[in-house]
Amino acid sequence: MVIPELMPDEVPIYLEYDRCDVILINPFVIHRSSPNKSDRCRWSLDLRYQTTGQNTGRTVHPDFVVRSRVAPDRLVIEPTKNVQHNKSIGN
Numbered sequence: 038m039v040i041p042e043l044m045p046d047e048v049p050i051y052l053e054y055d056r057c058d059v060i061l062i063n064p065f066v067i068h069r070s071s072p073n074k075s076d077r078c079r080w081s082l083d084l085r086y087q088t089t090g091q092n093t094g095r096t097v098h099p100d101f102v103v104r105s106r107v108a109p110d111r112l113v114i115e116p117t118k119n120v121q122h123n124k125s126i127g128n
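In my numbering, the protein residues as written are 38 to 128.
These are calculated hints, taken from the structure and not from any lab test. Keep in mind that this is a model prediction, so the values were computed, not measured. Glycine included, each C-beta is placed from N, C-alpha and C at the ideal position. Don't take every hint at face value.
Each pair of labels, with its calculated beta carbon distance range [as the list claims (entries may be wrong)]:
hint	residue 1	residue 2	range
1	Gly-90	Val-48	37 to 43 angstroms
2	Val-102	Val-66	23 to 29 angstroms
3	Asp-76	Arg-104	36 to 42 angstroms
4	Gly-94	Ser-70	20 to 26 angstroms
5	Arg-77	Ala-108	36 to 42 angstroms
6	Arg-85	Leu-52	20 to 26 angstroms
Let the hints inform the model, and build the full structure from the sequences given.
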């Protein structure tokens, strides 16, 4: 969560990207997009890699395992199970 009062008084940097570009940033970059004023859907994918069991830092998005040699019993194979997990913890 970004707390505006704690942000440095700096002018934002606007970057333009072309369709199909890939943007790689670290998790500490405060970022956003401009409103989509087109009649087309704009997609965004947030992919993360981290060690199994490491805290994601995002309580509204609990961790789930999609690949593991060490703990194959923790794999989330059916997306609906993750949805049920989210509902059970109040998300």
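Here is what the structure says about each hint:
The hinted window of 37 to 43 angstroms between Gly-90 and Val-48 holds, with their beta carbons roughly 40 angstroms apart. Against the hinted window of 23 to 29 angstroms, the Cβ-Cβ separation of Val-102 and Val-66 comes to about 26 angstroms, which satisfies the hint. Range check, Asp-76 to Arg-104: about 37 angstroms between beta-carbon atoms, so the 36 to 42 angstroms window is met. Distance hint for Gly-94 and Ser-70: a CB-CB separation of about 21 angstroms, consistent with the stated range 20 to 26 angstroms.
Look at Arg-77 against Ala-108: about 40 angstroms separates their beta carbons, and that is inside 36 to 42 angstroms. For the pair Arg-85 and Leu-52, the beta carbons lie near 21 angstroms from each other, so the given range of 20 to 26 angstroms is met.
No hint from the list above goes unmet by this structure.
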